[in-house]
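Participant: If you want the building blocks of each chain, they are given just below.
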Amino acid sequence: MLLEVKDLNTFYGESHVLQGLSLNVAQGELVALLGRNGMGKSTTLKTIMGLVKSKSGHVIFEGTDITGFPPYKAAQAGIGYVPEERRIFPELSVYDNLLLGIKGGKIKNPNDPNVWTIDRIYSHFPKLKERCNQQGRFLSGGEQQMLAIGRSLMGNPRLLLVDEPTEGLAPIMVQEVRNVLEEINKKAGVSILLVEHNLKVALSLAHRVYLMGKAHIGYQGSVEELRNNQDVRAKYLEV
Amino acid sequence: MMKKTIKPILWLALLVILIFFPKLFGVYYTNVFVTFAIFATYAVAVNVLLGYTGLLSFGHAMFFGAGGYGTALALKHIDGLALMPAIGIGFLAAMLLALVLAPLVTRVSGTAFAMIHLAFGQLFYILALKLRHITGGEDGIGNFPIPAFTIPGLISIPLKGDPVNFYYLAIVIMGLSLWLMWFFTKTPFGQIQVGIRDNEKRIDYLGYKIPQTKAIIYVVSGAFSGLAGCIYGLFHNLVSADGSLGAMISFSPIIAAMVGGVGSFFGPIWGTAVFQVIEELTHRFTDRVELVMGVILILVVMFAPSGITGAVNTMKMKWHAYTASKAKMEKTS
Amino acid sequence: MDPTTSMYVAQGIHGIAYGMVLFLIASGLTIIFGMMGILNLAHAAIFMLSGYFCYQIIAMTGSFWLGLVLAPIGTGIFGIFLERVFMRSIRASGHLGELILTLGLSMVILGLVKVFWGTQSLPMQVPEIIQGMVNLGGLEYPIYRLFIIGMSLVVLVLMVLLLYKTRLGKIVRAAVSDRDMVNALGINIPVVFMLVFGVGCWLAGIAGVAIAPILTVFPGLADQVGMDAFIVVVTGGFGSLAGAFVVSIIFGLLSSYGIQFLSQLAPVLMVIFMAIVLAIRPNGLFGVKE
Amino acid sequence: MNILETKDLHHDFSGLKVLFGINLQIEEGERHAVIGPNGAGKTTLFNTITGTYHPSKGKVFFKGKDITGYKPHKLARIGMGRSFQITSTFTRLTAFQNIRLAILAKHGIRFNLFRHVDKMKDITRETEKMLERVNLINERNVPAGLLSYGKSRALEISMAMATDPELILLDEFAAGMSRDETHNAVALIRKMTEGKTVVIIEHDMDVVFSLADRITVLHYGKILATGKPDDIRDNQDVKDAYLGDLQV
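Chains as they are written, first to last, in the working numbering: chain A, 1 to 239; chain B, 1001 to 1333; chain C, 2001 to 2290; chain D, 3001 to 3248.
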């Protein structure tokens, strides 16, 4: 297993937001984490990343126990994080935003085709190249999303945590972001744990899904199984 | 039940000690106690703002000084002014200053509030030094007349040069001030004030006006700081920039409140007591009061952020938990 | 130049020189505040400490230039020490705790300075090359103040280069807006904090050395100049470098022309200016809402 | 008669548009739920109605009166109360003191500096009655910051109701509660809001369908649908909004 999350318990003050949550992601897999708002999906990603501290439980990445690591150590271990709000640095140019994604400020083997360089990001996201000198705050929502993904790829992560990448985007951009995630997963071989509210996008990408009920995993299975299980969909996703 | 009978006895004992204090401990310690009473009142007045409302002022010396200069100037320039009106003038001077500043300072909070007061405090210090013809500059206003405490036709108690009589005046006024401020925190308004410290937004949504509420607290805090400053000026028969407006005059009540515990009404009084003892000791052995105070401040913030009263409460809770668990153990066995 | 004009010009240059020194102090305060949210009340004491360091280095080696370079570096290292030992442990206790802690630190530094160097004013001689007067189109002007302006400009340019051209600078600018995201990109934020704190103290150190030959070195330096720097930061808007710069220069000019016309009451002008600005904009001239 | 109405309400955060022309109508005496996917603008709508933000365009009417731009304290005084998504009590005051502040506010006792608050018998009695109604009487002397999560949420809700407002807005009152706690909270709200108008924001569909008389669905800052629970459940647009335009 690339990522194993075992029995996480996370609190916000007194509020028990993750109650014994476990999940895993295999090498090369794209796993979707679905569920209604407020169930704890984003908190799960944040806890894995170390942005939120868990009270108990373990996060094991590539066999190393990274529980309680500060975010920068989790990132250095090989996890990339694309947050829900994108969190582009508004004062910095697109180029500089990408630059900060490089670990230690230097790309080790720039000629290795499997290593992400700024040029390689530009070839995947031509729009970013066009706007490379613009400040982050002037980008559209879709471009910010591309930049957020590109920025985390610059750290050459083996696992990408992506939180609601299509939220608030126009349909054409949704499609584009979807395709980018597919490329990253299929062609570049980066494993992805995806939180996504758009079921169509999620199911068209994922190998496996987890459905979250309140603060825990309520259901897991393959995409096919979910498609055929109206009861589960009604219980965890629909109105 | 025990508590109900013990409390009046304790108060009575305190009263007896206060009455016979000068007889028991002599003039030197009587004067030390007057200083303590003044600074305890001042620290409580500062804490009404700091602990109860969460507003940290780095410039309360301006109120302390306003009280002192107000009274001293009045006594110096108005012939035949009686004592109580003179003290009243000091009190009102500080109150007026707070009223004038309130519209500006209640709009900001947190760090900006602290820093604005630092600047204003410094401003008044400089003014006192430079406006020599009014304030006497570095020498200050000294040796102004101090009228006797009189009730016409009844009594006349001379105060100038009589430390014991002055002691009684000071503790009565300071005691009264402390009681008034304590009562203030117990009124419905006092409850709103504590609410502001905990959660300003909610207070707003309950229908209370925030800036007006803050302004009243601010004026109360300033006025009683002024009263303390006024008694301090009378006590030394001297009001000077360094003695009444210096930065340490602004910082010492904060330190006292922090050491004693900002979360409780009486915390600053304990803090002042500790502060006085330390100052007394350090003065005796070194003149590095600042250094010692700085070290204490750092230690308190790092290791006992809720001060003496906080530490005592924690110990109390632990003791209760301990006795409770012990009682349980005995019951089961 | 007739005497009146030359007097105005001279006071103007005086004001700019003082403004630049203020900005050196205020910029460090501002960067630290912007990134870490700490208003470091010990900053003024650190500024003063640098003057003493410089005095000591000159006393030991006889070289002003050595003091000019080494004293700020020493101050920066001292700042790193403070950050590691004190600031880090206090982050959780909120603004009140930070203000009180840094106030305590400033009292301790002041107390220690008095232990080591006493309370008297220590004069500082500058090398002959920057002593004396220079003729500026008919105006006799002290070279040393021009030297201060020049040096401050060099530092300013260096700082702009550092902030806009280096990776560290970009990290700092990014961290001012979103610390956690920078952290999540694999950048060791605690180390960056430490460096920023060090650089901030280094800047204050340069100001301390620059001002020492004019005002001499004495414990009251922290109150006198430091207070002005704090007023600058409050008036300019917490965390805004542009605000700090503009207000520094305004204050420098206010103070030098103020001395000309109001002699005694020049400092009052700054507080009044601050009060007016805050009455209109409670978050400072360039401040954004918290 | 509509107790609350918004007309063409817009709001943006420095250029980022969050609300586009909301026309919300809340009938007197109904329990109304506002639902919608994350980022739909629900809390912003609440904040614009209750005076935290000033709308960039449009108006808010309360009992037919234009209250656009009223500050929170003014709204509280004319009969609008709200609770918060993140518990917002006075953490260092006891449960009793928390409720008492609300009761004092209800009676308009604000700048009273001459009476000892503990000696105001009527206030004490009323506060205790309230504590009993919301099952917090055993926690009377516990500081709000030390209450269990469920209890502190209950306190949060009862503070909004203790001022006896005609219209109560509850923002995700069940957030972070366990099943049982949610169940109790729903029962509490039913009991306490008899005859009042209630607007809730909620994600938990069980809560929404067990409480609401009518539902408004918000999507990308616009009203997608308003209607009875069953109509909303069957509405294709609403389904799409929640699930993406998925055809299974």
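I should point out that these hints are in silico values taken from the structure, not numbers from a laboratory.
Even for Gly, the Cβ is constructed at its ideal location relative to N, Cα and C.
A portion of the hints provided could be inaccurate.
[Stated by the list, open to error] Dumping the calculated EDC-like pairs for lysine to aspartate or glutamate here, alpha-carbon to alpha-carbon at most 16 Å:
no.: 1; chain 1: D; residue 1: Lys3007; chain 2: D; residue 2: Glu3027
no.: 2; chain 1: B; residue 1: Lys1076; chain 2: B; residue 2: Asp1139
no.: 3; chain 1: D; residue 1: Lys3071; chain 2: B; residue 2: Glu1200
no.: 4; chain 1: A; residue 1: Lys200; chain 2: D; residue 2: Asp3237
[Said to hold, decoys possible] Simulated coverage check for chain A against chain C, where a stretch passes if three residues somewhere in it have a Cβ under 8 Å from a Cβ of chain C:
no.: 5; segment: 62–72
no.: 6; segment: 150–158
no.: 7; segment: 184–196
Participant: For the segment 184–196 of chain A, count the residues whose Cβ lies under 8 Å from any Cβ of chain C; is that count three or more?
Facilitator: Answer violated; 0 residues pass the 8 Å Cβ test.
Participant: Between Lys1076 of chain B and Asp1139 of chain B, is the straight-line Cα distance small enough, at 16 Å or below?
Facilitator: 15 Å, holds
Participant: Are the Cα atoms of Lys3007 of chain D and Glu3027 of chain D separated by 16 Å or less?
Facilitator: 15 Å, holds
Participant: Mind checking, does the segment 62–72 of chain A have 3 or more residues with a CB under 8 Å from chain C?
Facilitator: Our answer is that it holds, as 3 residues pass the Cβ test (under 8 Å) against chain C, meeting three.
Participant: Are the Cα atoms of Lys3071 of chain D and Glu1200 of chain B separated by 16 Å or less?
Facilitator: 14 Å, holds
Participant: For the segment 150–158 of chain A, do three or more residues have a beta carbon lying closer than 8 Å to a beta carbon of chain C?
Facilitator: holds (count 3)
Participant: Are the Cα atoms of Lys200 of chain A and Asp3237 of chain D separated by 16 Å or less?
Facilitator: Between Lys200 of chain A and Asp3237 of chain D the Cα gap is close to 15 Å, so the pair holds against 16 Å.
Going through the hint list in order, the structure does not satisfy hint 7, though it satisfies all others.
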